[in-house]
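A.B. asks: Spelled out, the chains give:
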Amino acid sequence: MHLVDAAHGVMGATGVVAGNLSLAAGAAWAAQALGSKNVSVVFFGDGATGAGAFHETINLAVLWKLPILFVCENNGYAEFTSREEHSTVKFVRRFAEPYEMAASTIDGNDLLAVYAEAGKAIAGLRHGDGPYLLECMTYRLAGHFVGDAQRYRSKEELAAIREKDPIERLKRHLLQSGVPESDLDATGERARRAVLDAVERARASRHPDPAGVMEDVYAAPWLNAIDG
Amino acid sequence: MSETFIEILRRALDEELARDPAVHLLGEDVAAGGAFGVTRGLAQKHGAQRVRNTPISEAAIAGLATGAALCGLRPVLEIMFIDFATLALDTLVNQAAKYRYMSGGQLAVPMVVRTQAGAAGGAAAQHSQSLEAWFVHVPGLIVIAPSSPAEAYGLLKSAIRLGDPVLFIEHKRLYTMKEAIAENAELPAIGKARIARTGEDVTLIAYSAMVTSAHEAAEQLAAEGVSVEIIDLRTLMPLDMNTIAASVSKTHRAIIAHEAVQNGGLGAEIAARIGDKLFDELDAPVLRVACPFAPIPFALELERALLPGAGNIVRAIRAQLH
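First to last, the sequence lines map onto chains A and B.
Take any residue in the first sequence, count from 1 to its spot, add 1: that is its number in this note's numbering.
Take any residue in the second sequence, count from 1 to its spot, add 1: that is its number in this note's numbering.
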């Protein structure tokens, strides 16, 4: 959950729903203030729209014309509860309207549509057009957490949605476009291998040294391991 | 030249804005000078992009400052009253305080949150609290509470340069206090307390506006032949236990005075540490002077009745000595 790869611009994921939105706006503000071409892209679910921080952040982002792309994965469920039970507002895009923020709702399981729409939005951010909300309608193929028994939805509902798996859809599209199946299989195998290798590497890696448990509480080294 | 607490804060911010282009001020009304006039004129001098007004959205602006700090700015965020920091707690406690640790040291949050706390003039229950103990309880945060204009000047500059998230708590009762600062003085180290008055009979540990009450109490007791040593903590997290230990080892008595309520307050922590480390040095139980366990009332006579002051400290020290 808390992955950070700052060197590649992956600035982190938070365990608090909606807690990442204002941080991402801050990253966009830094880019704006420092005059860089960086943009900020933040991902969240439809459940995050129930938090005040979502609305506060949108207002600020529009007001300051921040280069931030809000990507909402509207997957119909916030944890175990369906969208209908969370809000009368069906589409998250609607929340952009009073703030006059540019927004669109697309089929989030259509990789090519997401690619095209996100590309356009990011070009707009770099052009100084202000923030953009991209609502990607999708469905959660897995549970909310590892081992989620998913009693809150039926097997039929899940089976129907597997048909819309974005990877399978892309595959069908590429086959129709004349890409040989063997190429796709090879690509799939390479990806599978990369993931398995990463898992293998992680399992084989040394566990952290307990002696380092007090490191990095503070940036100033003398503050670490002090007695409170 | 004597300057008020407010003028000296403004001077420190002005100089830091001029020194480091990464420093940015943000908060409700800061471009207009802020609720107390601390930032007056700074937007005109340093530009509207460096001193920015925000909507009344504490959760979002605390996150904005944190995210910007992660990405190269050194934001100084003003939360108008510490009472309103409650609205920004997710960001301060879950995000800003943890980011260094959770990123395995890849990122840091060089941010100062200036806020204003304490009771004065009937500001009542939602604009008067002393909530510092909450923040002292969170690993990753630094908490500073200056006791005078000159102290605030140096500590604010040190806080801005530190590189970790700092909660900088200003007491509204100190805002009109005047003091001159020594030109070109060295900036104070974070985490170092100050002996505000030397004495022999009892160590009185205080911070923020309570240091003023401590001086008044010490003056009264001096007339009775009691010599009080005052420690001004300056930094509440980390606590400078070395300075406390050296003093208590000399006086063999300790009293902690703060405006926050006693229950779960910083005084309890300091008393526990003195008990742990200096038990054999003590000639009397450690005492605390603090606010009774009630909200701050609106009516001035009730506010006066509730708030601890020099009188409470004098009575506590007399009790401890006899």
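Warning: the hint list may mix true and false statements.
Among chain B residues calculated to face chain A with C-beta under 8 Å, some are [what the hints assert, rightly or not]: (1) L71; (2) L74; (3) Q127.
Derived from the structure by calculation, the hints contain no laboratory data.
Think of the CB as a built atom: it goes at the ideal place given N, C-alpha and C, for glycine as much as any other residue.
A.B. asks: If a hint holds in the structure, say so; if it does not, say that too.
C.D. replies: Hint check:
1. The interface hint given for B:L71 holds, since its Cβ lies 6 Å from the closest Cβ of chain A, which is under the 8 Å cut-off.
2. Annotation: B:L74 was flagged as interfacial toward chain A, and the flag holds, the nearest CB pair being 5 Å apart, inside 8 Å.
3. The beta carbon of B:Q127 comes no nearer than 18 Å to any beta carbon in chain A, farther than 8 Å, and the hint placing it at the interface is violated.
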